[in-house]
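A.B. asks: Next come the chains, spelled out residue by residue.
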Amino acid sequence: MATATSTIATQPSTKQVIRKSNFDRRNKSDLKHFWIMLSPALVWLVLFQIVPMFGIVMAFQDFNPGAGFFKSEFIGLENFKYMFELRDVRQVLVNTLVIALGKITLNLFVPLIFALMLNEMKQVRLVKFIQTSVYLPHFLSWVILSSIMLQIFGYNGPVNAFVMDLGKEPFSIFQQADLFRGFVISSDVWKNFGFNSIIYLAALAGIDVTLYEAAEIDGATRWGKLWHITLPSIQTTIALLAILSLGSILDAGFDQVYNMYNPLVYSTGDIIDTYVFRAGLQQLDFSFGTAVGLLKSIVSFVLITTGYWVAKKTVGYRIF
Amino acid sequence: MKSLNLKKLLALVLTVAMSLALLAGCASTAGTTAAPAETTAATPAETTAPVDPLGAQPELTVITRGVPLDPNQKYPEGQSLEDNAYTRMLKEKFNIEIQNEFAASNTTTDYSQKVDLAIASGKIPDYLTNLTYTQYRAIVKAGMAMDISQVWDAYASPLTKEVYASNGALFDSLVKKDGAMYGIPASNPLPDFLSVMWIRQDWMDKLSLKAPTNIEELKALAKAFKDQDPDGNGKADTEGLAGPSIDGKLYQDMKNMNFAYHFDQVFAAFNSFPGIWVKDASGKAVYGSTTAETKAALQELASMYQDGLISQGMLTSKTEETLANNKLGLFFGPWWFPFGDLGNSWKNDTTANWQPYLLPSGTDGIYQAKGGNAAQSFVVISKDAKNPEAIIKMLNIFKAGLKNYVSEEDQTTMGDGAYPMYLTFSLAEGPGMVLKEANNYFDGKATADDVHANVANYDAYITQAFDKILVSKVEPFADRNMSAWDFSGEKANDFGWVWSFGVGLTPYVQGNFNWVNSLSYETTKTMEKRWANLTKLEYETFSKIIVGQASIDEFDTFVSQWNEEGGAQIVEEINAMING
Chain A
1 MATATSTIAT QPSTKQVIRK SNFDRRNKSD LKHFWIMLSP ALVWLVLFQI
51 VPMFGIVMAF QDFNPGAGFF KSEFIGLENF KYMFELRDVR QVLVNTLVIA
101 LGKITLNLFV PLIFALMLNE MKQVRLVKFI QTSVYLPHFL SWVILSSIML
151 QIFGYNGPVN AFVMDLGKEP FSIFQQADLF RGFVISSDVW KNFGFNSIIY
201 LAALAGIDVT LYEAAEIDGA TRWGKLWHIT LPSIQTTIAL LAILSLGSIL
251 DAGFDQVYNM YNPLVYSTGD IIDTYVFRAG LQQLDFSFGT AVGLLKSIVS
301 FVLITTGYWV AKKTVGYRIF
Chain B
1 MKSLNLKKLL ALVLTVAMSL ALLAGCASTA GTTAAPAETT AATPAETTAP
51 VDPLGAQPEL TVITRGVPLD PNQKYPEGQS LEDNAYTRML KEKFNIEIQN
101 EFAASNTTTD YSQKVDLAIA SGKIPDYLTN LTYTQYRAIV KAGMAMDISQ
151 VWDAYASPLT KEVYASNGAL FDSLVKKDGA MYGIPASNPL PDFLSVMWIR
201 QDWMDKLSLK APTNIEELKA LAKAFKDQDP DGNGKADTEG LAGPSIDGKL
251 YQDMKNMNFA YHFDQVFAAF NSFPGIWVKD ASGKAVYGST TAETKAALQE
301 LASMYQDGLI SQGMLTSKTE ETLANNKLGL FFGPWWFPFG DLGNSWKNDT
351 TANWQPYLLP SGTDGIYQAK GGNAAQSFVV ISKDAKNPEA IIKMLNIFKA
401 GLKNYVSEED QTTMGDGAYP MYLTFSLAEG PGMVLKEANN YFDGKATADD
451 VHANVANYDA YITQAFDKIL VSKVEPFADR NMSAWDFSGE KANDFGWVWS
501 FGVGLTPYVQ GNFNWVNSLS YETTKTMEKR WANLTKLEYE TFSKIIVGQA
551 SIDEFDTFVS QWNEEGGAQI VEEINAMING
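Protein sequences, first through last, are from chains A and B.
Letter 25 of the first sequence, counting from 1, is numbered 25 in the numbering used here, and no numbers are missing.
Letter 124 of the second sequence, counting from 1, is numbered 124 in the numbering used here, and no numbers are missing.
Rather than coming from a laboratory, the hints here were simulated on the basis of the structure.
C-beta atoms are modelled at their ideal positions from N, C-alpha and C, and glycine is treated no differently.
Heads up, a few of these hints could be off.
Stated by the list, open to error - FRET-style restraints, in silico, Cβ to Cβ: (1) B:K279 to A:L179: 41 to 51 Å; (2) A:S39 to B:M577: 49 to 59 Å; (3) B:N256 to A:R87: 20 to 30 Å; (4) B:D178 to A:W35: 57 to 67 Å; (5) A:V302 to B:L60: 56 to 66 Å; (6) B:D237 to A:L179: 24 to 34 Å; (7) A:K168 to B:M577: 45 to 55 Å; (8) B:E82 to A:M37: 32 to 42 Å; (9) B:K525 to A:I50: 31 to 41 Å.
All chains should be modelled from the sequences, with the hints used to inform the complete structure.
C.D. replies: Structural data, given as structure tokens:
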């Protein structure tokens, strides 16, 4: 058995070697076409991805649009200093981290659990129906969803009407600072868990059925199969999604918060993006906005790199 | 050989890409270095011959602009943004050709963002309209605006100059500096700043109540509207006094005016003017939100909220929907609100008899109205514009009445919004004139034709308001309640015009108010960095006090924190600015 698989495995690789040598031989004439096909993408990359990077300079300048990059006054780390001087910066950072971490963790595990549950279901039609209906909210924008949320959970909505009918204190999530963060996180998870489960479902579909058959013969229970076959088989997928989502650690979701918050929940709901929107963009302070953006990118970069390194060490996952 | 060609090709592609990129990066610098020479050259306005403010350009003049788009803008068959009766008229009669450099929706922030991008790129079209004061200042600061003082003197028509002069002192302080003039302020008519107390008269009559003349009566009315089922559906589903919507504000301030569902009249009853700069007892400028009077007003609002007299969902629900569903009979808002949410209320219940009142601030029966910045948007002419005089002429044409230049059919379809130099540019009294004149007719002091001519002479655009009032008004003329108007059939479409101009302006025309203007509408140096932070503190504290999440003692903490975090310094800057 073992030898059989190894011969099967080696055959394609020899074919590949042959193809590769053919390719090498015709290299000179073939390569040109590849370069030509690649060139529009290269131009795009340079023009829209690399050149705009110079804009980072603004973060260290008192940027004056009329004077441009070359004549604006350099002020060093002034913008960053100002950022950390602001009384609200700690509050805003904490809000951002709590909301983003909550979203990252729950958006990782809720879809996973959901996918595992769907995977155990045998009624194909029902599975399809559930899948389609939970995808739906993902495709609605927060502008629309937030006004629906306001209708349902707001002071005049049915939820509060029900609570007040029970003779309890009025209950409006948008007025209570201690409930707001939880609501932002859970509504985001509700919106996205169906869609996020797609990748897990794909990974689950890729597990070799023979493994389960073998486990059944060995007398494994359903839980045993889940624990010893399913989870180990998709652990790289979980790791990949976790690493990728680390990049959004400072991204608590501008659209969502901006459309739902109000001064009563500033203390728990004001995040970096909404703050920069009010302080930076509405006041036309380009430099400050760039400085905050740069800081967010650096933090994301560090976290993704660390996450990748950890994943390589622990589950042996690698992209490069 | 082949590979050499390939290398050449690659090199070429990369060089082109790099030089394009460099060009893009340099564009802004090129503009600035070339600037001084051009500014001196580009003032051909100094002609000795008398100029005609409405005369054609001697040769074809191309003018570039940014377009604030109205997504609902309609064009007659075969016409478009680029090519319509207005642009044809400008080209044929005045030799002015309009080119649109960019166009973006003005109902969202798209246009504003395009303008910001243009500012950031260091190059703006020949002229830009609908600029905020912040954008205007950014353009001037960046040296991209032209000093138009001479062109203005030479080419602005008497009518155009008259509009500017009707708010002259304020406008001078905004756009003039050391004799130079860097922009044209859109001139907002003053009635826009007089927020009125809109009341459902039919509800009030049903409960045999009178319009309130002080805070106690206001509370009584709010309580009656809330508890006594004014809509008669047997359910306790009506609200008292409306509070701000989810994206709304508690009061008008120096940057945001002319909106509904605020509490300004309650504040004014306590002689409190939050959000603007006022004089204290010693004559020094103080920020209205930090005064003891404001504290007293907040305490009253908090107790009203506690008693359920203010809508409990304020700041967290959509007040405009409550109004449209006719669950609301009392709110503060602008005179033109029949064009807006109030119009929706009427559409859903055509017996809704909304009448405007003023809530007197003191025992003398006078309402202390917070005055607003009459220049809410700005026009800037680029310093690189070759023919600034053509742009001024376009404003003259607009002011002279577009009806006189294009066919009436085109004008009715497009309205004024499609005109390339469309802006609010009205004499200080503005729409107030229409109702004053209309009253003369209804009182028998003037004929309809005289009044029509007077209004047309004054402002061609709003003449239709008078015409529409005439169509809908029925006897008795002195009665302004819903029963004395006719909105049957097609006339219902003009409800906004008729009710705003014919009814909403009544308090302005009666004149029982005083303006309390902000001592300054400027943004000082410290404000640039600190204001967002300070307003956040202010909104948060005030909102929490009113809904009872913070005690009134928080106000004192707020004042000291506000001063510590830059407020004290801003007060000093404002005082220095006023005195210096």
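A.B. asks: None of the hints should be skipped; say for each whether it holds.
C.D. replies: These are the hints, each one checked on the structure:
{"no.": "1", "hint": "B:K279 to A:L179: 41 to 51 Å", "result": "holds, 43 Å"}
{"no.": "2", "hint": "A:S39 to B:M577: 49 to 59 Å", "result": "holds, 57 Å"}
{"no.": "3", "hint": "B:N256 to A:R87: 20 to 30 Å", "result": "holds, 23 Å"}
{"no.": "4", "hint": "B:D178 to A:W35: 57 to 67 Å", "result": "holds, 59 Å"}
{"no.": "5", "hint": "A:V302 to B:L60: 56 to 66 Å", "result": "holds, 59 Å"}
{"no.": "6", "hint": "B:D237 to A:L179: 24 to 34 Å", "result": "holds, 25 Å"}
{"no.": "7", "hint": "A:K168 to B:M577: 45 to 55 Å", "result": "holds, 53 Å"}
{"no.": "8", "hint": "B:E82 to A:M37: 32 to 42 Å", "result": "holds, 37 Å"}
{"no.": "9", "hint": "B:K525 to A:I50: 31 to 41 Å", "result": "holds, 36 Å"}
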